[in-house]
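There are 2 protein chains.
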Amino acid sequence: MDKVNLAEKLGQIDEVYKPKVVAEYNDNKLVLCKAKGEFVWHKHDDTDDCFLVLKGRLVIQLRDREVELNEGEMFVVPRGVEHCPRADEEAEILLIEPIGTVNTGDAADSELTAEAERI
Amino acid sequence: MDKVNLAEKLGQIDEVYKPKVVAEYNDNKLVLCKAKGEFVWHKHDDTDDCFLVLKGRLVIQLRDREVELNEGEMFVVPRGVEHCPRADEEAEILLIEPIGTVNTGDAADSELTAEAERI
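Protein sequences, first through last, are from chains A and B. Under the working numbering, the first sequence has 111 at position 60, and the numbering climbs by one with no breaks. Under the working numbering, the second sequence has 111 at position 60, and the numbering climbs by one with no breaks.
Incorrect hints may have been included.
No distinction is drawn between identical chains; accordingly, a pair holds when it is met within one copy or between any pair of copies.
Keeping only pairs whose Cα atoms sit at most 20 angstroms apart, straight-line, the calculated SDA-like set for lysine to any residue is [to be verified]:
hint, residue 1, residue 2
1, Lys106, Gly131
2, Lys87, Asp53
3, Lys87, Val72
4, Lys87, Val110
5, Lys54, Thr164
6, Lys69, Glu168
Since the hints were derived computationally from the structure, they do not count as laboratory data.
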């Protein structure tokens, strides 16, 4: 029950696509992640996926279009929709996901699958 | 299923303590709110209350202490905990709450009670 300073927490993250839990809200985790390069195509059948870009630019690739998110822009990928985030330069992201959500969804055999550590 | 630019949405808000829904994530609403002055003491027995300050400073008064949130700082008020936000200067806030949550919780007879309009 302490406040969370996002910049301070981001300063503790030195790897990309290694999600870190910074707070919990009901049954959800609030996750910080640095992104660079392409993630992996995946979907979450049981949950929406909420992205807020804190710094930089993140492209959410969908099968039929791309959504370009700059700082202060948010996008919710509906459950079941395939997506693949991509950051050409390093970006910083805040995500909201139900506790227990695997970062790579149905592509859990990806080498990018990572359990979100609490920092 | 469009992206949300938080600054653009905030530009559409001209009243304080009138929450506006800008996105939905599962059974939750993502709410923008401008704050100035003191809100009302209240609690939510059924949900945590997640605050992220986007601009300015918000003080979350609790019965035993105050939590001062500056830009880029987040705090989750646990369910059942009485709190009263206060902003000495205008602040801009992103909140996450379950859909159906009343902004004033158990103080729903307050004149500050307001249904969050979708913008």
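**Request:** Can you give me the call for Lys87 and Val110, within, between, both or neither, at a CA distance of at most 20 angstroms?
**Result:** within (11 angstroms within a copy, 35 angstroms between copies)
I want to check one pair: Lys106 and Gly131. Are their C-alpha atoms no more than 20 angstroms apart within a copy, between two copies, both, or neither?
So Lys106 and Gly131 fail the 20 angstroms test inside a copy (27 angstroms) and across (34 angstroms) alike.
Check Lys87 against Asp53 for me: Cα-Cα at most 20 angstroms, and say if that holds within a copy, between copies, both or neither.
Result: close neither inside a copy nor across copies, 30 angstroms intra and 23 angstroms inter.
Practice problem: Could you figure out if Lys87 and Val72 sit no more than 20 angstroms apart (CA to CA) within one copy, between two copies, both or neither? | Solution: So Lys87 and Val72 pass the 20 angstroms test inside one copy only (19 angstroms; across, 30 angstroms).
Is it within, between, both, or neither for Lys54 and Thr164, if the alpha carbons may be no more than 20 angstroms apart? neither (28 angstroms within a copy, 26 angstroms between copies)
Cα distance capped at 20 angstroms. Does Lys69 pair with Glu168 within a copy, between copies, both, or neither? This pair counts as within: shortest intra-copy Cα distance 8 angstroms, inter-copy 36 angstroms.
In the structure shown, a violation is registered for the earlier hints numbered 1, 2 and 5, in ascending order.
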